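Knowing the structure of chain V, use the given hints to seat chain A on it.
2 protein chains.
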Amino acid sequence: MPMHNFSAGPAMLPLGVRERLSEALAPSADGAPSIAEVSHRGPRFMALAEELHQRLRELTGIGEEHAVLLLHGGANCQFAQLPMNLAADRTAAFLISGHWGKKALAEAECVARTQVVGSSEESDFTDLPEMGHLPADCAYLHYTGNETIHGLQYEHPPRVAVPLAADMSSEFLSRPYPYRDIAVTYAGAQKNLGIAGLTVVLVRRDLLERVPDSLPRFLDYRSWAKDLSLYNTPASLAWFTALEMLRWIERQGGLETIAARNREKSGVLYRAIDESDFWRNPVADHCRSVMNVPFWPADESLVMPFVEQAEAAGLQGLKGHRALGGLRASLYNAQTLEAVETLVEFMREFERRFG
Amino acid sequence: MPMHNFSAGPAMLPLGVRERLSEALAPSADGAPSIAEVSHRGPRFMALAEELHQRLRELTGIGEEHAVLLLHGGANCQFAQLPMNLAADRTAAFLISGHWGKKALAEAECVARTQVVGSSEESDFTDLPEMGHLPADCAYLHYTGNETIHGLQYEHPPRVAVPLAADMSSEFLSRPYPYRDIAVTYAGAQKNLGIAGLTVVLVRRDLLERVPDSLPRFLDYRSWAKDLSLYNTPASLAWFTALEMLRWIERQGGLETIAARNREKSGVLYRAIDESDFWRNPVADHCRSVMNVPFWPADESLVMPFVEQAEAAGLQGLKGHRALGGLRASLYNAQTLEAVETLVEFMREFERRFG
Chain V
1 MPMHNFSAGP
11 AMLPLGVRER
21 LSEALAPSAD
31 GAPSIAEVSH
41 RGPRFMALAE
51 ELHQRLRELT
61 GIGEEHAVLL
71 LHGGANCQFA
81 QLPMNLAADR
91 TAAFLISGHW
101 GKKALAEAEC
111 VARTQVVGSS
121 EESDFTDLPE
131 MGHLPADCAY
141 LHYTGNETIH
151 GLQYEHPPRV
161 AVPLAADMSS
171 EFLSRPYPYR
181 DIAVTYAGAQ
191 KNLGIAGLTV
201 VLVRRDLLER
211 VPDSLPRFLD
221 YRSWAKDLSL
231 YNTPASLAWF
241 TALEMLRWIE
251 RQGGLETIAA
261 RNREKSGVLY
271 RAIDESDFWR
281 NPVADHCRSV
291 MNVPFWPADE
301 SLVMPFVEQA
311 EAAGLQGLKG
321 HRALGGLRAS
331 LYNAQTLEAV
341 ETLVEFMREF
351 ERRFG
Chain A
1 MPMHNFSAGP
11 AMLPLGVRER
21 LSEALAPSAD
31 GAPSIAEVSH
41 RGPRFMALAE
51 ELHQRLRELT
61 GIGEEHAVLL
71 LHGGANCQFA
81 QLPMNLAADR
91 TAAFLISGHW
101 GKKALAEAEC
111 VARTQVVGSS
121 EESDFTDLPE
131 MGHLPADCAY
141 LHYTGNETIH
151 GLQYEHPPRV
161 AVPLAADMSS
171 EFLSRPYPYR
181 DIAVTYAGAQ
191 KNLGIAGLTV
201 VLVRRDLLER
211 VPDSLPRFLD
221 YRSWAKDLSL
231 YNTPASLAWF
241 TALEMLRWIE
251 RQGGLETIAA
261 RNREKSGVLY
271 RAIDESDFWR
281 NPVADHCRSV
291 MNVPFWPADE
301 SLVMPFVEQA
311 EAAGLQGLKG
321 HRALGGLRAS
331 LYNAQTLEAV
341 ETLVEFMREF
351 ERRFG
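Those protein sequences? They're chains V and A, same order as listed.
Every letter in the first sequence is one number past the one before it in full-length UniProt numbering, and letter 37, counting from 1, is 37.
Every letter in the second sequence is one number past the one before it in full-length UniProt numbering, and letter 23, counting from 1, is 23.
The following block holds chain V by itself, in its conformation from the complex (with noise of 0.2 angstroms):
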């Protein structure tokens, strides 16, 4: 029976990048060092890292204002990062659409001054915060460009007269976006780059000069804005794994291609969704994400026996994040159509059953 995996994250990786990964560890003949052994200063390594920045730039569109940083630790590490670097002596603001949005604002708390300037929390994040007024010394506005757990998205960026800073962790390079107009992008790599173990941040250099001098150098985002962000040693393998996913993205045909492709899978599932009074989400279409998808049974006692049933049925990864319950089916760009069919399918029969 085949498999299909609709983890959140760490999230599934198509099959050729798979193969990949394990034909560049699988031992040869001469006892060539994998790329996992080598020194991460030597050619074979800044050959991959300089093809990793290059690409990330090109399916970005960034140009020379913006530096790339490959940094350690996740999203949960720039939550304090990203404040210690540049709102130093200014106020971060917040637009909180879901639990990373208030994690994120949690974080900051603890070392910066910050405001709340929106919040959907009222309607149980099922709906993007009205936006009010911006702090006069604003540093930022920060906003998550995909929630995860709620499965709200940001169809675009919001418009405003401040830098932009984005949690993009979880619909990173699913579709064309305007990132040169983001002044910092921040994403983990597990998601739509591969493995974990790389974080990205792409950063305008303009704004590098507000970090004070008194960061350590590893949380210092300057020490890694140059030598292909080499400042220590690189998780390694999570770097060779994003560079797989790039050129795995320019073979599908692009970012236009695979945001296509995601645009329907996720319209498949939102439709067998609505068609029944069985299933609900409950999220406002607007905003509803692309990549991740929770839902609920009508009764809400049917959830484990799903996730049960399901895995039997070769459907893995399909129960909803602890903090919200429920279900939840990620379609990350290795995601397949028909992985997406053979679920809605499930769903059906399962209603058949128990509806």
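Treat the hints as calculated values from the structure; they're not laboratory data.
Just to be clear, a hint being listed does not mean it is correct.
Identical chains blur together in the list; that is why a pair holds if it fits in one copy or across any two.
[As the list claims (entries may be wrong)] Lysine to aspartate or glutamate pairs mimicking EDC-like chemistry, simulated, CA-CA at most 20 angstroms apart:
{"#": "1", "residue 1": "Lys102", "residue 2": "Asp213"}
{"#": "2", "residue 1": "Lys102", "residue 2": "Glu65"}
{"#": "3", "residue 1": "Lys226", "residue 2": "Glu349"}
{"#": "4", "residue 1": "Lys226", "residue 2": "Glu64"}
{"#": "5", "residue 1": "Lys226", "residue 2": "Asp206"}
{"#": "6", "residue 1": "Lys103", "residue 2": "Asp227"}
{"#": "7", "residue 1": "Lys226", "residue 2": "Asp137"}
{"#": "8", "residue 1": "Lys103", "residue 2": "Asp213"}
{"#": "9", "residue 1": "Lys103", "residue 2": "Asp30"}
{"#": "10", "residue 1": "Lys103", "residue 2": "Glu311"}
Only a predicted model underlies this, so the values are computations on that prediction, with no experimental measurement involved.
Leaving out everything else, chain A in the frame of chain V:
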């Protein structure tokens, strides 16, 4: 021609571990996800996390009075994170025996009061520092168990009445060691514990009471001291590989066997260096590193020819660190005696031609 890899890190993996890693990633016929593609909070990854923590406890011989934290960011992150957690209102004391001790000090200076209580910089780090007076409000005494660049190693931890904090990155699990007596041990995984992306911290739980509540949660040791260090998404392949390394150590016969083998390997190389006037290692006998052996030909202009010809002969990663120049052979756990004997034979041949 068989190749041998003397990289100082990321270091070579045992063949069997590399095989396991490659197999774990190979696509399976039924489409089952690899360990890199599943939720870190699901049962499959949790079982891995549980065994990894447990085996680390067993091999280091620590008890419940220590917490095991599995973190991101390498030793460079710990240079700042450790004093942020444990020296917020006290003085961190430092013994400086090489490059990495200086780096640790420089980062700590950004976030805490520091005091150097001994440094062997005047001898160009060819010997261990003499120990001076400790500050009255000493948070801990920091030392570098093994200096990877200068090739200097403490045979035993310094004897003091204050808590010890040890950077053990490049000798972690290379021999039995009294980890139980060290208040804080930290080590990046990419030497003896697999691939880059994982940093182990062993910390005495009573010291966690010192952690200031104002720290961002990501940087707060207490966030990781529970729930199997799964505060956020771990670099899952680095965790997987670390577990395979621990199983491999057990199959070898444990740390006693590993230590004897490491002593034999370094003994062969040091004897070859000392027997000849052509080769030189300036470090005092009693503190020569078993892990990293820096050496120089009598004529320094022969360094690059040696590196190039060695590489052509299948001996890789012998170029010294850019901070010190010269040559360096790293002899971590996975290194074989055969590789060291091949290197020594090549050195003799090189001396015959250029000596």
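The hints, checked one at a time:
1. Lys102 x Asp213: between (28 angstroms within a copy, 18 angstroms between copies)
2. Lys102 x Glu65: neither (30 angstroms within a copy, 34 angstroms between copies)
3. Lys226 x Glu349: neither (55 angstroms within a copy, 41 angstroms between copies)
4. Lys226 x Glu64: This pair counts as within: shortest intra-copy Cα distance 12 angstroms, inter-copy 43 angstroms.
5. Lys226 x Asp206: within (14 angstroms within a copy, 40 angstroms between copies)
6. Lys103 x Asp227: between (31 angstroms within a copy, 18 angstroms between copies)
7. Lys226 x Asp137: Neither: 29 angstroms inside a chain and 38 angstroms across chains, both beyond 20 angstroms.
8. Lys103 x Asp213: Only across copies: Lys103 and Asp213 sit 16 angstroms apart there, 26 angstroms inside one copy, limit 20 angstroms.
9. Lys103 x Asp30: Result: close neither inside a copy nor across copies, 49 angstroms intra and 37 angstroms inter.
10. Lys103 x Glu311: neither (30 angstroms within a copy, 49 angstroms between copies)
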